[in-house]
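S.K.: Given next are the chains, with one letter for each unit.
Protein chains: 4
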Amino acid sequence: MNSAVLTIQCADARGIVYNVARFIFERGGNLIDSQQYTEELESRFFMRVHFDGGDLDEIARELPAFADEHGMEAALSRSTQRKRMAIMVSKYDHCLYDLFLRHQYGEINADIALVVSNHPDLKEVAARFNVPYHHVPVVPGARGKAEQQVLDLCAAAGVDFVVLARYMQVLSPLLVDAYRRRIINVHHGFLPAFQGARPYHQAYEHGVKLIGASSHYVTEELDRGPIIEQETIRVNHTHRVSDLVALGRDLERKVLSNAVKAHAEERIMVYRQRTIVFD
Amino acid sequence: MNSAVLTIQCADARGIVYNVARFIFERGGNLIDSQQYTEELESRFFMRVHFDGGDLDEIARELPAFADEHGMEAALSRSTQRKRMAIMVSKYDHCLYDLFLRHQYGEINADIALVVSNHPDLKEVAARFNVPYHHVPVVPGARGKAEQQVLDLCAAAGVDFVVLARYMQVLSPLLVDAYRRRIINVHHGFLPAFQGARPYHQAYEHGVKLIGASSHYVTEELDRGPIIEQETIRVNHTHRVSDLVALGRDLERKVLSNAVKAHAEERIMVYRQRTIVFD
Amino acid sequence: MNSAVLTIQCADARGIVYNVARFIFERGGNLIDSQQYTEELESRFFMRVHFDGGDLDEIARELPAFADEHGMEAALSRSTQRKRMAIMVSKYDHCLYDLFLRHQYGEINADIALVVSNHPDLKEVAARFNVPYHHVPVVPGARGKAEQQVLDLCAAAGVDFVVLARYMQVLSPLLVDAYRRRIINVHHGFLPAFQGARPYHQAYEHGVKLIGASSHYVTEELDRGPIIEQETIRVNHTHRVSDLVALGRDLERKVLSNAVKAHAEERIMVYRQRTIVFD
Amino acid sequence: MNSAVLTIQCADARGIVYNVARFIFERGGNLIDSQQYTEELESRFFMRVHFDGGDLDEIARELPAFADEHGMEAALSRSTQRKRMAIMVSKYDHCLYDLFLRHQYGEINADIALVVSNHPDLKEVAARFNVPYHHVPVVPGARGKAEQQVLDLCAAAGVDFVVLARYMQVLSPLLVDAYRRRIINVHHGFLPAFQGARPYHQAYEHGVKLIGASSHYVTEELDRGPIIEQETIRVNHTHRVSDLVALGRDLERKVLSNAVKAHAEERIMVYRQRTIVFD
Chain A
27 MNSAVLTIQC
37 ADARGIVYNV
47 ARFIFERGGN
57 LIDSQQYTEE
67 LESRFFMRVH
77 FDGGDLDEIA
87 RELPAFADEH
97 GMEAALSRST
107 QRKRMAIMVS
117 KYDHCLYDLF
127 LRHQYGEINA
137 DIALVVSNHP
147 DLKEVAARFN
157 VPYHHVPVVP
167 GARGKAEQQV
177 LDLCAAAGVD
187 FVVLARYMQV
197 LSPLLVDAYR
207 RRIINVHHGF
217 LPAFQGARPY
227 HQAYEHGVKL
237 IGASSHYVTE
247 ELDRGPIIEQ
257 ETIRVNHTHR
267 VSDLVALGRD
277 LERKVLSNAV
287 KAHAEERIMV
297 YRQRTIVFD
Chain B
27 MNSAVLTIQC
37 ADARGIVYNV
47 ARFIFERGGN
57 LIDSQQYTEE
67 LESRFFMRVH
77 FDGGDLDEIA
87 RELPAFADEH
97 GMEAALSRST
107 QRKRMAIMVS
117 KYDHCLYDLF
127 LRHQYGEINA
137 DIALVVSNHP
147 DLKEVAARFN
157 VPYHHVPVVP
167 GARGKAEQQV
177 LDLCAAAGVD
187 FVVLARYMQV
197 LSPLLVDAYR
207 RRIINVHHGF
217 LPAFQGARPY
227 HQAYEHGVKL
237 IGASSHYVTE
247 ELDRGPIIEQ
257 ETIRVNHTHR
267 VSDLVALGRD
277 LERKVLSNAV
287 KAHAEERIMV
297 YRQRTIVFD
Chain C
27 MNSAVLTIQC
37 ADARGIVYNV
47 ARFIFERGGN
57 LIDSQQYTEE
67 LESRFFMRVH
77 FDGGDLDEIA
87 RELPAFADEH
97 GMEAALSRST
107 QRKRMAIMVS
117 KYDHCLYDLF
127 LRHQYGEINA
137 DIALVVSNHP
147 DLKEVAARFN
157 VPYHHVPVVP
167 GARGKAEQQV
177 LDLCAAAGVD
187 FVVLARYMQV
197 LSPLLVDAYR
207 RRIINVHHGF
217 LPAFQGARPY
227 HQAYEHGVKL
237 IGASSHYVTE
247 ELDRGPIIEQ
257 ETIRVNHTHR
267 VSDLVALGRD
277 LERKVLSNAV
287 KAHAEERIMV
297 YRQRTIVFD
Chain D
27 MNSAVLTIQC
37 ADARGIVYNV
47 ARFIFERGGN
57 LIDSQQYTEE
67 LESRFFMRVH
77 FDGGDLDEIA
87 RELPAFADEH
97 GMEAALSRST
107 QRKRMAIMVS
117 KYDHCLYDLF
127 LRHQYGEINA
137 DIALVVSNHP
147 DLKEVAARFN
157 VPYHHVPVVP
167 GARGKAEQQV
177 LDLCAAAGVD
187 FVVLARYMQV
197 LSPLLVDAYR
207 RRIINVHHGF
217 LPAFQGARPY
227 HQAYEHGVKL
237 IGASSHYVTE
247 ELDRGPIIEQ
257 ETIRVNHTHR
267 VSDLVALGRD
277 LERKVLSNAV
287 KAHAEERIMV
297 YRQRTIVFD
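Residue numbers (the working numbering), protein chains in the order written: chain A, 27 to 305; chain B, 27 to 305; chain C, 27 to 305; chain D, 27 to 305.
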């Protein structure tokens with residue numbers, strides 16, 4: 027049966043849940059799951075409603091007026107419109123394999139439309155999973171041209187969101203703007219610590235006893251977008267930098283895949299610097 | 027302001043969430059938080075609604091008819107009626123201290139009415155936290171008499187639920203019946219493994235690489251009631267039984283306190299052998 | 027430079043470490059790392075010494091006499107003699123991919139000699155990583171013949187140890203004997219709980235709040251050999267069996283790979299039902 | 027029987043382990059446990075040897091010459107000379123209770139000589155555990171005088187090391203110098219992130235998905251001394267700052283107690299900014 031996810035945010039007010047439940051109920055829908063959250067400092071209300079049944083066309087048509095009436099930002103996502111992602115990589119393959127395999131196991135509710143890379147190295151891996159691979163080199167001083175090419179490829183492939191699976195280039199505002207809050211990056215450090223380059227080296231030098239990885243939405247500020255997911259693992263004095271890198275691979279693929287899954291299922295909402303990630 | 031928690035379970039049906047939201051809305055209430063869950067195998071629906079405002083007397087009065095109409099089991103718990111717990115202990119004090127301290131920090135939304143023990147050893151600890159301590163010895167062959175005494179003490183103190191904080195006696199049906207699904211035990215093993223006595227010795231002999239602890243509701247079957255919370259911690263070959271016991275103390279106090287917090291906040295619902303624990 | 031690992035076990039006695047250190051020192055070797063453990067209940071001593079330099083041929087020649095003199099079981103493993111493993115699979119590919127990828131990243135100090143499967147499904151995966159794949163069907167009533175075929179393949183390929191990467195057949199004593207303490211299995215449950223078939227279903231029915239996976243050496247008794255590594259992950263009431271299966275995949279590949287790494291580096295010693303796993 | 031711990035660090039060289047083992051063996055000692063570590067970047071060797079038997083007076087007398095001969099820094103710690111700690115607190119009691127209780131359970135191989143606080147609030151808690159409590163107020167502009175008083179108290183009580191159990195004052199060089207590498211602090215953030223004041227507020231504002239706590243040796247630079255132990259716990263958008271504070275209490279007491287245990291057992295060695303913590 028058709029199902030859909032409705033996400034809403036607005037200033038908190040009495041009766042919101044009731045009004046949303048009624049809006050869906052009166053149009054024939056039935057709630058399968060709903061989650062809500064009220065940020066207390068600013069009285070901001072967030073809701074995610076998963077429902078089936080109902081006339082989705084009617085609901086889609088009448089949603090804007092309903093949202094307007096209650097001062098809501100609202101979005102509807104239909105299960106029949108499965109999202110499509112682009113994966114951007116450089117030379118490391120561990121996150122790419124992880125996404126391919128989880129997709130194959132049915133863990134990710136989205137399709138992999140294409141892989142874009144500034145290197146040719148992983149063409150073979152994409153081929154094995156029957157995913158188109160585009161080599162788009164980034165020439166110093168011509169980043170804009172490369173990114174435009176990526177945008178064109180994404181547009182042609184109907185891409186909804188972009189996953190940076192250890193893509194080792196900084197994005198320009200061109201791409202960030204085009205896919206605002208729809209670009210997910212993995213950073214191999216426990217943000218906000220260890221921003222920037224060589225986080226495992228930084229971790230080693232500080233003698234930390236845990237290393238971490240973080241997935242986050244990309245914004246103009248490098249490694250500072252809203253954090254989606256983080257993991258840590260214990261390390262000790264015997265771990266060399268190369269050991270941290272190896273342990274980090276497990277963390278990286280986990281936080282990235284979890285973020286991709288949550289994004290694909292419309293479970294993430296963003297407010298200022300923070301994400302609400304409904305379970 | 028007054029607030030209350032409404033918990034509901036029933037066969038799944040279209041419109042339940044809407045009807046519950048309307049029931050509360052029309053009586054002046056406003057949802058602060060709501061969580062729901064549908065068990066798919068048996069189409070069983072569970073809901074917990076936290077709301078404030080509204081005429082709680084009216085809601086309480088009209089709830090039975092509303093629940094009846096929709097085939098629900100429903101229960102209302104008012105924030106003004108803070109729950110009262112009895113803690114039963116033997117000689118170990120780590121869980122007892124943990125409950126006292128977390129209560130003092132305001133982490134537990136319930137009051138500690140009394141401590142009952144089959145030993146006099148921890149009288150002093152209770153005294154430090156100004157909680158009445160009752161020494162009720164369990165004489166072989168006279169368990170019934172001791173438990174009746176516990177029941178009388180609990181009745182006199184208005185006890186809502188009972189916490190077995192490493193109480194080393196098996197309860198008889200007398201007590202289990204009187205506080206059905208309101209007795210929380212901590213077992214120092216990862217249930218369903220290592221039931222019964224000396225679980226850390228069992229764990230050592232099996233050479234496990236993780237030890238665990240479990241909190242659960244008490245039923246007639248020893249260590250087999252619905253599990254509420256579990257934790258594990260890594261161990262290795264160097265850990266002797268005494269080391270497992272020491273590490274286990276941390277697990278035990280954590281799983282017990284988390285279960286007590288969840289129970290006090292009406293976040294636990296039980297269906298057959300499983301608990302639904304809303305976050 | 028050549029290096030080697032010397033592993034020793036014996037009854038505890040004064041001066042063992044000194045004698046071992048002297049044995050190596052006097053033959054020109056230098057300790058890079060050493061770990062020891064004394065099991066207290068039975069006064070059993072275990073040691074692993076990683077050293078370089080020295081005349082390895084001389085050390086190998088004189089080790090038996092040295093071990094004899096001190097009542098030790100001792101084994102020498104040279105870094106130049108990298109171990110070779112056979113991987114046995116059925117239809118699930120997640121553990122197989124994990125081993126291939128970690129091998130490719132240099133995380134596993136052993137080579138993958140061949141893959142054997144009772145199904146043809148994963149032939150393609152092995153081909154991608156340039157590893158020979160042998161389809162050895164197990165016909166009811168003819169397990170012995172199939173296992174003999176596996177033994178022949180392993181012998182021809184110089185296999186040192188066998189990894190059951192979700193191989194869904196029970197081994198007979200033929201194979202277990204031939205590779206005693208050299209067959210590593212992954213079980214998708216937290217042993218000793220949930221032995222046998224369908225552990226995730228068992229876990230669901232018991233309503234556990236953590237699921238686990240275990241790697242262990244294979245013995246005649248199903249799922250009862252010495253445990254090498256275990257991991258757990260939190261679950262809750264919302265996880266269906268299929269969700270447990272998905273989460274379990276991550277656990278399984280982790281505990282299996284860690285066991286394989288430890289075995290390859292001679293970091294595991296076995297005494298009765300327990301493993302000593304040196305870090 | 028008498029036992030002792032010998033800790034050594036020196037430039038790496040062939041034969042160190044052999045020489046240390048011989049030094050102890052020839053003086054009648056027997057190794058119970060030994061751990062070693064070689065930092066590869068600077069070829070620095072670290073060793074901890076736990077032995078019993080032997081003539082400890084002779085070993086102590088001859089150690090300096092032996093260390094000199096091999097260019098070692100070496101230290102001997104006898105089991106008969108149990109360490110004594112001072113605990114400094116302000117108003118929070120959770121770490122204090124944790125240390126008292128673990129000491130009572132025999133988990134900490136040291137004695138609690140006294141408690142010093144800049145507030146009178148926790149006098150009662152110390153009294154319950156029969157530990158002397160000294161209220162040493164810190165008057166603005168007269169920190170030096172207060173610290174001198176602390177030093178006098180510690181000297182009189184034979185204090186070996188100092189534990190800052192949520193002591194909310196910055197120490198001056200006077201105290202830091204007197205107990206260099208013997209003052210252990212707990213910081214309620216995942217260092218090096220969230221240094222300084224109000225780390226839980228910082229964590230909330232950054233929207234992190236894990237919070238942490240760290241124990242470390244105190245140096246002149248606030249929150250920058252060598253890290254001993256760290257822990258994290260998952261949080262999500264629903265956790266308010268007060269919830270982070272509550273969860274953080276569990277982390278703080280764990281990382282502090284683990285650091286105290288390790289220090290008491292001579293398991294920590296420091297080299298530049300990093301600690302070697304032998305298991």
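No lab work stands behind these hints, which were simulated from the structure alone.
It is possible that some hints are incorrect.
Identical chains blur together in the list; that is why a pair holds if it fits in one copy or across any two.
SDA-like, lysine to any residue: derived pairs with alpha carbons at most 20 Å apart [to be verified]:
id, residue 1, residue 2
1, LYS149, THR106
2, LYS117, GLY132
3, LYS149, GLN130
4, LYS287, ASP269
5, LYS287, VAL271
6, LYS117, GLU133
7, LYS287, VAL261
8, LYS287, HIS263
9, LYS287, ARG260
10, LYS287, SER268
11, LYS117, ARG154
12, LYS287, ILE58
13, LYS149, LEU200
14, LYS171, HIS160
15, LYS149, HIS263
16, LYS171, ASN144
17, LYS280, LEU270
18, LYS280, ILE259
S.K.: For each hint, tell me whether it holds in the structure or not.
M.R.: Tested hints:
When the C-alpha separation of LYS149 and THR106 is checked against a cutoff of 20 Å, the pair qualifies neither within a copy, at 30 Å, nor between copies, at 34 Å. For a Cα distance limit of 20 Å, the shortest separation of LYS117 from GLY132 across copies, 16 Å, qualifies, whereas the shortest one inside one copy, 25 Å, does not. Proximity of LYS149 to GLN130 under the C-alpha cut-off of 20 Å is found in both arrangements, the shortest distances being 18 Å within a copy and 17 Å between copies. In this homomeric assembly, LYS287 and ASP269 come within 20 Å of each other (Cα to Cα) only across copies, at 13 Å, whereas the closest approach inside a single copy is 28 Å.
Proximity of LYS287 to VAL271 under the C-alpha cut-off of 20 Å is restricted to the inter-copy arrangement: shortest distance 16 Å between copies versus 24 Å within a copy. For a Cα distance limit of 20 Å, the shortest separation of LYS117 from GLU133 across copies, 18 Å, qualifies, whereas the shortest one inside one copy, 24 Å, does not. For the identical chains of this complex, LYS287 and VAL261 are inter-copy neighbours only, at 17 Å across copies versus 28 Å inside a copy, given an alpha-carbon limit of 20 Å. Taking CA atoms no more than 20 Å apart as the test, LYS287 paired with HIS263 passes between copies only; the shortest distance there is 18 Å, against 34 Å inside one copy.
Taking the shortest alpha-carbon separations for LYS287 and ARG260, only the inter-copy value of 18 Å comes in at or below 20 Å, while the best intra-copy value is 25 Å. In this homomeric assembly, LYS287 and SER268 come within 20 Å of each other (Cα to Cα) only across copies, at 16 Å, whereas the closest approach inside a single copy is 29 Å. Taking the shortest alpha-carbon separations for LYS117 and ARG154, both the intra-copy value of 16 Å and the inter-copy value of 18 Å come in at or below 20 Å. Taking identical chains as interchangeable, the C-alpha atoms of LYS287 and ILE58 lie at most 20 Å apart only when both belong to the same chain, with a minimum of 19 Å there against 27 Å between chains.
Neither within a single protomer nor between protomers do LYS149 and LEU200 lie at most 20 Å apart by alpha-carbon distance, with minima of 25 Å and 44 Å respectively. When the C-alpha separation of LYS171 and HIS160 is checked against a cutoff of 20 Å, the pair qualifies only within one copy, where the shortest distance is 15 Å, while the shortest distance between copies is 49 Å. In this assembly of identical chains, the alpha carbons of LYS149 and HIS263 never lie at most 20 Å apart, being 38 Å within a copy and 38 Å across copies at closest. Taking the closest pair of Cα atoms, LYS171 and ASN144 come within 20 Å of each other only inside a single copy of the chain (13 Å); across copies the shortest separation is 51 Å, beyond that limit.
In this assembly of identical chains, the alpha carbons of LYS280 and LEU270 lie at most 20 Å apart whether taken from the same copy (15 Å) or from different copies (16 Å). With identical chains, the CA atoms of LYS280 and ILE259 are at most 20 Å apart both within one copy (12 Å) and between copies (13 Å).
Figure legend: structure checked against the earlier numbered hints; hints not met, in rising order: 1, 13 and 15.
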